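Engineer: Protein sequences appear in the order of chains P and F. Position 85 of the first sequence, counted from 1, bears residue number 85 in the numbering used here, the numbering being contiguous throughout. Position 542 of the second sequence, counted from 1, bears residue number 542 in the numbering used here, the numbering being contiguous throughout.
Calculated directly from the structure, the hints in this document are not laboratory data. Treat the hints with care, since some could be wrong.
No distinction is drawn between identical chains; accordingly, a pair holds when it is met within one copy or between any pair of copies.
[Claimed, not checked] Mimicking DSBU-like on lysine-lysine, the simulated pairs with C-alpha atoms at most 35 Å apart in a straight line are:
1. K259 with K418
2. K2 with K138
3. K4 with K418
4. K531 with K457
5. K12 with K418
6. K457 with K260
7. K383 with K12
8. K260 with K531
9. K138 with K4
Source: prediction; values computed, not measured.
Given next are the chains, with one letter for each unit.
2 protein chains.
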Amino acid sequence: MKVKNLVGERFKERPSDCVVDSHALMVRGGYIKQVANGIFSLFPPARRVTQKIEQIIREEMDRIDGQEVLFPVVLPGSLWMESGRYQSIDNTLARFDDRNGTPMVLGMTHEEAAVQLVREYASTYNRYPFMIYQIQTKFRDEARPRAGLIRVREFTMKDAYSFHTSQEDLEAYYARCYRAYERIYARAGAPQVIAVKSDSGMMGGSVSHEYMLLTDIGEDSIVICPECGYRANMEAAENIVGATRAEDMPLTKVATPDKKTIEEVVEYLHGDTLHSVKAVVYQTNAEDKFVVAFLRGDLEVNETKLTNYLGENIHPAVVTEDSPVVAGFIGPIGLDPSVKVVFDASLKGSNGLTCGANEADYHYTGLDMERDVPGAVFTDIAKAFEGGICPSCGKPHLTISRGIEVGNIFQLGTKYSKSMNMTYTDADGNTQIPIMGCYGIGVGRLAASIAEASHDKFGPIWPISIAPWSVEVCCLRADDPQTKKISEDLYQALENAGVDTLYDDRDIRPGAMFSDADLLGAPVRVIVSPKNLANGEIEISTRDKSIQVKVPVADALDKTREIIKTLQDRIDETVPESI
Amino acid sequence: MKVKNLVGERFKERPSDCVVDSHALMVRGGYIKQVANGIFSLFPPARRVTQKIEQIIREEMDRIDGQEVLFPVVLPGSLWMESGRYQSIDNTLARFDDRNGTPMVLGMTHEEAAVQLVREYASTYNRYPFMIYQIQTKFRDEARPRAGLIRVREFTMKDAYSFHTSQEDLEAYYARCYRAYERIYARAGAPQVIAVKSDSGMMGGSVSHEYMLLTDIGEDSIVICPECGYRANMEAAENIVGATRAEDMPLTKVATPDKKTIEEVVEYLHGDTLHSVKAVVYQTNAEDKFVVAFLRGDLEVNETKLTNYLGENIHPAVVTEDSPVVAGFIGPIGLDPSVKVVFDASLKGSNGLTCGANEADYHYTGLDMERDVPGAVFTDIAKAFEGGICPSCGKPHLTISRGIEVGNIFQLGTKYSKSMNMTYTDADGNTQIPIMGCYGIGVGRLAASIAEASHDKFGPIWPISIAPWSVEVCCLRADDPQTKKISEDLYQALENAGVDTLYDDRDIRPGAMFSDADLLGAPVRVIVSPKNLANGEIEISTRDKSIQVKVPVADALDKTREIIKTLQDRIDETVPESI
């Protein structure tokens, strides 16, 4: 491909609407163009990157016995009514009526379609286990698309669905898929992606993992124990804290005029946040019922854990004068009985605590949970924190990192098979419900995340396995016949050798040519210039600056291929064995 | 792939809802499953066929300098308002409002998206010409989906868009694309696909061709001259007839009580249809204005040509007592002046004609067009017919065939670039509007059409270039250790040699195994049975029955590969050179 024919423009200025580097570079490099909020067209360089990623994914899915299928983008609403998700999912699910008035949806994930496809086929036990997958467009009407391809409304996704006759079989397959994912990220040049335990959210099921690419611009918080390797998404991370103990004190109501925040109260009473009780007020989505979460003053509520405990969705409360709580002075004693109360495990066995007195301008001191709130039930609803105790090894060195979720795997259980009446006959002739797993990777997001993880201020530094082109030949003086001819010959020789090569023979300044080359990010750059040719040499370097050599013209082809192999070998060394 | 693990079921009974053979076979063979009316999921065999077709298309598009991009499925309505198609296309265009109330559409074709992508890039003449294409999902809310994948609502399409600075350049590129399409169909094993001139319809533009796979189940009528090779879609085919002459007769009003049809009138008056004038009444869609088309009694109106002539859409008239026409007795003389009249070229210079008298129960005889309807303007609005005159060579041997449209190419002109304000600066600094071409192929329809063109009652006979698997190894006695081992070894050897192979080692009757093999349609079948092994032989045959041999076990691998090559060579011989 000649750069001069390549559709798409490259430019210097960082677009003002790009907050994230990878987004800015992919716009500046002519990779993507926004069509609507969170909806993009891909120019050839981005399409090439995503195709290479798709092929890696396909090979790894096939390696674990996946069978590629294709589900529709447009699905009948009735199918989603079967699973109940038509009703339960908010307007993230795009809905429309077709010409006959039939409700349709745009697939945001394809569990229903997967069950529909195999429901009749998989009616006896000897058809199990199997896994089907597709690489297809999805649409999720996200409220806040951001960061270019990282959070979009329309995207290409690989989604896979496995079907099993026992939990053990699901778990064994899940382990294979877990490894396949590690291989995919390693092969795509992102071995730093880590798997973390996650909350299953709307997908149902129990065990699940997210694959996280660690980067400061990530939206997710990840809890990591550097001692034992424990890793979990913040949403799923256990928080372990011991009881806060103090001298026995009587429960005493004290005036705290206008002191509403923990900090104000603690300062006013000369106490400390560890010995205070924080109250966070929510309302249930269904009935607007009030829920108060109590936890140690320095902790934050993990709303996912709270929601899972309650078994229903909640939102931050709107507290008015008519509410059954007194904002700023809420405590466990004397609270209106209509309010649902949840105690975090951090309060268990604690005493000497300050808490609200459910009366304007008053708090209690000396609260002893066992003594003053007998029968209280405690559960873990707090966020893990930097320096917290690892739930796996018990050492207090937890760290919190930011990450982008670049894939996820779920043990779904029977959520979809049961609701959609998928059954099979077992060896004894009994009717059983199959157990499912599902496994997703967003292709465009992975591409953008890798660009985020691997770039400099000049452009993306693509791993050779997914780079739009492996090599770029730069003819530095297109007006010089010898330079032009040698460049051209080398370009042809590389193409003939099956190397995907970009060729820049524009008559422009070297600086402008290199700027474009940096943006297009070919891992290997071959520079043909009159200056080097005067010494009979060609310069070959890598985008990541790890290699820079000058070789005789006659050796240029072989040396280029050798460097390609070196870069590929470096990636291959990071790829774990499949299981 | 082992048949026993292959997801999807094969069965014998023809599904009652399948009118067309290819549809029935693709359901019976476990290729497709309906999800909603005109919306299908693809099982692995169909996905494999479509992937092979996609790869052939991709290679041919790249060969003519196409650059692969990806446009979104979901597009903002505002983009389609720019081109005017948001307003002009009926409910075939699926529309919905996103979560913010913004109108969105599902792309049924991507001219708007193509212009949006390159509008800024292609702002100077030296960026031209270029072609971009994608292979992506489309949705068209068709009123009457039918015949499995042949007419669906959701489908995968390759759509390409080229941009030019002159009509000559477009035409030169159009010729290259025309040839690329011929190569695609030939490589996919359908060399019988022919290009026909077509009407451009809603795409705008002037010159266009459709690629037709001739088959009785096709929805399109194609006019072919066996003498000179002239080919056109019925919608676009010129109809040439000379004047109908008779003795001079005076115009005479005659009573024709209750004789309303041409046949009744002709019989009653002892005339003939060639000497009668047929009147067909329409109303315009916009204002319900009446339009009467007059043509020779034996001809049919070509509504596409009539619409193009009128420049507005029409529908068959609803004639009541209040209408300005008298049904059954409409003629050119004395017709209400509010009625728009169109005369077909077949009437030009004709005389001795019978026509309605615009009065109940009366006709005229002896109509002489020149004498009685002076100043009439004639235009070609009649359908071509079997035995008609070829507009190219003038010989009266036209034939009418049925075909499925499996692709189309259009010279779009400036329809989209102009309405969407795409311009470029020419070498002289003047602002110009680029000229576009567009080029489509439906992938699933092509797969189904080839199955339709090439099948027997047992299953599809896939060309080896697009077959789901090239080879199937049938182990006829899985319970016999020697048979099983030799089958298994051969399967492994073929896979190791990179041959995509299906392997059936189920312990079932040979008849059942062959039925499934017929449905899955692998072009080469390798049969390992105790009977042949007793002679040290393995049987190899082709699905199309052209080859059947027995070879020593040791030669089976080489012979299989040789037969694969033979089948591929037969296809390659039909592929024209690219230009």
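Engineer: Work down the list of hints and note, for each, if the structure agrees.
Structural biologist: Comparing the hints with the structure gives:
no., hint, verdict
1, K259 with K418, "neither (52 Å within a copy, 67 Å between copies)"
2, K2 with K138, "both (33 Å within a copy, 31 Å between copies)"
3, K4 with K418, "between (57 Å within a copy, 25 Å between copies)"
4, K531 with K457, "within (28 Å within a copy, 71 Å between copies)"
5, K12 with K418, "between (55 Å within a copy, 30 Å between copies)"
6, K457 with K260, "neither (47 Å within a copy, 82 Å between copies)"
7, K383 with K12, "neither (42 Å within a copy, 59 Å between copies)"
8, K260 with K531, "neither (74 Å within a copy, 92 Å between copies)"
9, K138 with K4, "both (33 Å within a copy, 31 Å between copies)"
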